[in-house]
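Starting from the known structure of chain A, arrange chain B on it as the hints suggest.
Chains A and B, in that order, give the protein sequences.
Under UniProt numbering, residues 1 to 149 are what the first sequence spells out, in order.
Under UniProt numbering, residues 1 to 149 are what the second sequence spells out, in order.
Certain hints may be false.
A few chain B positions that, by computed beta-carbon distances, are all more than 12 Å from chain A [what the hints assert, rightly or not]:
#, residue
1, M1
2, E12
3, S31
4, L36
5, D49
6, R69
7, I92
8, T102
9, L119
10, V126
11, T130
12, A134
Here are the computed lysine to any residue pairs in the SDA-like style, where the Cα-Cα straight-line distance is at most 25 Å [unchecked claim]:
#, chain 1, residue 1, chain 2, residue 2
13, A, K16, B, G63
14, A, K16, B, D49
15, B, K16, A, D49
16, B, K101, A, N91
17, A, K101, B, N91
18, A, K101, A, H113
19, B, K101, B, A138
Partial selection, computed: residues in chain B whose CB lies under 8 Å from chain A [said to hold, decoys possible]:
#, residue
20, G48
21, A127
22, G145
These are computed hints drawn from the structure, not numbers from a lab.
Positions of the beta carbon are idealized from the N, C-alpha and C atoms, including for glycine.
There are 2 protein chains.
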Amino acid sequence: MTPLEMLEVAYEEARKGLAEGGIPIGAALFSADGVLLGSGHNRRVQQGDPSLHAETDAFRAAGRQRDYRSTIMVTTLSPCWYCSGLVRQFNIGAVLIGESKTFTGGHDWLAEHGVDVTLLDDERCVAMMTDFIAENPALWNEDIGVADT
Amino acid sequence: MTPLEMLEVAYEEARKGLAEGGIPIGAALFSADGVLLGSGHNRRVQQGDPSLHAETDAFRAAGRQRDYRSTIMVTTLSPCWYCSGLVRQFNIGAVLIGESKTFTGGHDWLAEHGVDVTLLDDERCVAMMTDFIAENPALWNEDIGVADT
Numbered sequence: 001m002t003p004l005e006m007l008e009v010a011y012e013e014a015r016k017g018l019a020e021g022g023i024p025i026g027a028a029l030f031s032a033d034g035v036l037l038g039s040g041h042n043r044r045v046q047q048g049d050p051s052l053h054a055e056t057d058a059f060r061a062a063g064r065q066r067d068y069r070s071t072i073m074v075t076t077l078s079p080c081w082y083c084s085g086l087v088r089q090f091n092i093g094a095v096l097i098g099e100s101k102t103f104t105g106g107h108d109w110l111a112e113h114g115v116d117v118t119l120l121d122d123e124r125c126v127a128m129m130t131d132f133i134a135e136n137p138a139l140w141n142e143d144i145g146v147a148d149t
Numbered sequence: 001m002t003p004l005e006m007l008e009v010a011y012e013e014a015r016k017g018l019a020e021g022g023i024p025i026g027a028a029l030f031s032a033d034g035v036l037l038g039s040g041h042n043r044r045v046q047q048g049d050p051s052l053h054a055e056t057d058a059f060r061a062a063g064r065q066r067d068y069r070s071t072i073m074v075t076t077l078s079p080c081w082y083c084s085g086l087v088r089q090f091n092i093g094a095v096l097i098g099e100s101k102t103f104t105g106g107h108d109w110l111a112e113h114g115v116d117v118t119l120l121d122d123e124r125c126v127a128m129m130t131d132f133i134a135e136n137p138a139l140w141n142e143d144i145g146v147a148d149t
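Just chain A, same shape as in the assembly (with noise of 0.2 Å):
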């Protein structure tokens, strides 16, 4: 698969999030093959959980993994320290972002400590969210752990 059929399977997740009316980031981790281990998206409103963003929701789907070292994970958006923290800790080889304009996380940390990024600029993605930022701020803010001041 190449990065852009890869990044369509979260896309596509994230689509169905905003379909719910939820949180519109999608995520998918791959082995190195290009076989899709789990999908999923971001469930906060629709499961009422804060702990599952996109990359923890394909993470859970993906199941009991011996080893992550040369899995992909793909996300629409660039993972948040949560999402970087389990990158990290289960030493997922390598990720590919769909954008980072609308949010950065911790991408260049994971770089830093080895892991493959891959950083696209993908302008659904970016519309995506830009839209949906504008209409929820609140929630956004929620789903990051921004405060109210």
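Chain B only, in chain A's frame:
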């Protein structure tokens, strides 16, 4: 509540996990005035879910919160990068840790980023993990992303 009383809640969660055949790590999220918001334990084995570390399970149990700055995450063991990332992203103000002898995660990094970190040296927590790791090395390595070489 005193730190030891708060740790007791996390320790009892870890004991529950052990009784279920799981990895004995427990956690609890408290408000500044000592109200228990949520508690949980590692459920990798019980639910086949690698995303449920003790801290993320407690965070999930606390449900959606608008502001974590005054909350305290109590955990029997030094939080791994995944759980440290959770604390940083959501601006959880304080972390109280039972021990870091059997595993050291990202608590120094959290302290550098302004989190109020208290590290105890609780003998019961140390003994519980020491025994568990000795008896289940492969399972423990799986939980912290250490692959067979």
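> Checked against the structure, which of the hints given earlier come out wrong?
Replying inline: Violated hints (numbers, rising): 5, 6, 7 and 21; every other hint is consistent with the structure.
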